[in-house]
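*Asks:* Each chain, letter by letter, is given below.
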Amino acid sequence: MSEIINLSRRVFLKTGVLIGGGLVLGVTLPTQRKRVYGATGPEAPYTPKAFVRIGTDGVVTVIVNKSEMGQGVYTSLPMLVAEELECDWSKIRVEGAPVDPVYNHTVFGIQVTGGSTSVATEWERMRKVGAAAREMLLGAAADTWKVPKKTCRAQNGVVYHGSKKLSYGQLAKKAASMPVPRKVSLKDPSAFKIIGKPTRRLDTPEKVDGKAIFGMDVTVTGTLVAVIARCPVFGGKVKGFNGEKAKLIPGVRDIVQIESGIAVVADNFWSAHKGRNALEIAWDEGPLAGLSTAGMRKEYADLVKTPGTTAKKAGDPENAMNTAAKKLTAEYEVPFWWILGQQAARSGQAPRSRR
Amino acid sequence: MISLKVNGKRYEIDVSSDTPLLWVIRESLGLTGTKYGCGMAQCGVCTVHVNGRAVRSCVAPVSSVVGKDIVTIEGLAAGGSHPVYRAWIEEDVPQCGYCHSGQIMSAAALLSENPRPTDADIDEAMSGNICRCGTYQRIRRAIHRAASIMAQGGKK
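In order, the protein sequence lines correspond to chains A and B. Numbered as in this note's numbering, the first sequence ends at 355 without a single skipped number. Numbered as in this note's numbering, the second sequence ends at 156 without a single skipped number.
No lab work stands behind these hints: they were computed from the structure. Be a bit skeptical, because a hint or two may be false.
Said to hold, decoys possible - Derived DSSO-like pairs: lysine-lysine, alpha-carbon spacing no greater than 27 Å straight-line:
1. A:K183 to A:K173
2. A:K274 to B:K68
3. A:K211 to B:K68
4. B:K5 to A:K274
5. A:K187 to A:K174
6. A:K211 to B:K9
7. A:K211 to B:K5
Could you put the whole structure together from the sequences, leaning on the hints where they help?
*Replies:* In structure tokens:
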């Protein structure tokens with residue numbers, strides 16, 4: 001059960017002003033029998049602790065608490081909100097959430113994206129956000145027309161009553177003063193208009209004009225760039241190094257030994273890169289010094305010939321094989337996945353097949 | 001100082017002459033649409049146009065492009081009318097999106113030389129642009145669509 005709460009009255013109005021008189025909704029899921037956040041004091045800096053914002057221009061901004069990595073979460077979570085909000089899909093915008101406990105993963109308890117969990121864990125919360133906002137907009141319209149709320153109807157970003165109608169943009173300011181419903185009912189899946197339907201990605205335009213900001217595109221004034229020289233063998237360590245030549249490269253600021261190798265810190269990428277190439281490093285290649293593709297392939301091929309662990313046994317396969325009229329032999333190989341190399345690097349051992 | 005013309009604008013930049021064009025575009029000009037992938041012309045994400053031809057900016061020293069017309073994804077997409085840009089949106093091509101600045105620049109260069117490419121032409125011309133998400137089928141469809149848009153005088 002999730003509970004939808006209002007920000008404190010003062011903060012609510014303050015944020016309303018900051019966003020230009022629109023509707024801001026915040027929700028929390030009391031997963032650990034406590035609220036993830038409390039209402040902040042009026043002097044606290046503004047953070048949009050909300051999942052949806054409706055402007056007086058009718059634009060619906062969904063604040064997505066997940067990282068868009070190509071999995072489509074900047075489209076799928078807004079679909080959940082929009083389904084219940086009954087808004088005009090063409091007016092949906094997406095904004096990445098800032099860091100705040102309210103945006104934590106509903107199960108993992110930290111602000112994280114992964115494990116194919118985004119839609120499953122936001123399935124209820126995002127729909128409730130949309131439903132709560134819709135109820136507040138309906139309430140604002142009913143209040144304006146002095147009619148019972150249940151006689152009003154929301155559709156495609158407009159509230160109707162008989163021949164009267166008001167757009168979400170027209171209602172946004174008043175809706176912000178409506179009480180946030182304690183309970184909302186959600187649609188039966190048979191009534192879904194957006195969920196489950198092929199929908200164009202909302203993040204495509206910014207990914208084809210160069211405007212999308214990826215991790216490495218973030219710039220902070222005064223940031224230096226580091227390029228790291230790493231041991232060519234997993235698990236290896238620096239035995240010794242000479243950074244004198246690297247220090248002579250214009251733009252290089254410092255040479256620092258770190259856990260994974262030697263970092264050259266410079267004013268820009270190219271200076272750091274040239275500095276890295278100018279390093280003289282003696283490596284202790286560690287226990288995997290002799291590791292090779294051919295050697296690993298042989299190791300696995302040999303392991304295949306040894307008895308493995310029985311996961312499940314039914315019938316008498318040995319006898320069936322021995323008495324078969326026709327026997328087929330085939331060898332299958334799959335590419336060696338990089339994560340095994342990572343695990344090898346961490347454990348300092350060659351990966352072994354689990355059999 | 002090095003003088004460069006990027007997306008129709010002139011810039012005076014103070015960098016060492018061996019700096020790859022990519023880093024001048026990204027760091028000096030702040031045009032981060034062009035991406036860094038391998039740094040050795042193997043993946044294509046850094047592709048820009050130099051005098052209309054697709055160039056891997058990560059290995060092109062800035063000194064080699066002085067006085068030439070350089071166009072990045074920001075320049076190509078400006079105004080939103082380029083057939084390749086439009087086709088990429090209409091086919092909803094990107095997944096993670098990281099490689100698509102380079103894909104679009106390579107596709108545009110291909111179409112300027114071969115306005116009606118076959119699947120084989122596309123595969124050959126685009127083979128240097130890697131997409132880890134595997135959007136190759138949509139890339140191919142988008143290039144055919146862009147070719148159609150161009151054949152109809154840029155309109156659809």
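*Asks:* For every hint, state whether the structure bears it out.
*Replies:* Here is what the structure says about each hint:
At roughly 22 Å between alpha-carbon atoms, A:K183 and A:K173 fall within 27 Å of each other, so this suggested pair holds. Between A:K274 and B:K68, the direct Cα distance comes to roughly 26 Å. Compliance with the 27 Å bound is thereby established for this hinted pair. Of the pairs offered as hints, the one joining A:K211 and B:K68 holds, with about 24 Å between alpha carbons and a cut-off of 27 Å not exceeded. Proximity of B:K5 to A:K274 is assessed by CA-CA distance (about 26 Å); at most 27 Å being required, the pair is judged to hold.
Between A:K187 and A:K174 the CA atoms are separated by roughly 25 Å; this keeps the pair inside 27 Å, and the hint holds. Between A:K211 and B:K9 the alpha-carbon distance is near 18 Å, which keeps this suggested pair within the 27 Å criterion. Our distance criterion of 27 Å between C-alpha atoms is met by A:K211 and B:K5, whose separation comes to about 20 Å.
Against the hints set out earlier in the document, no violation occurs for any number.
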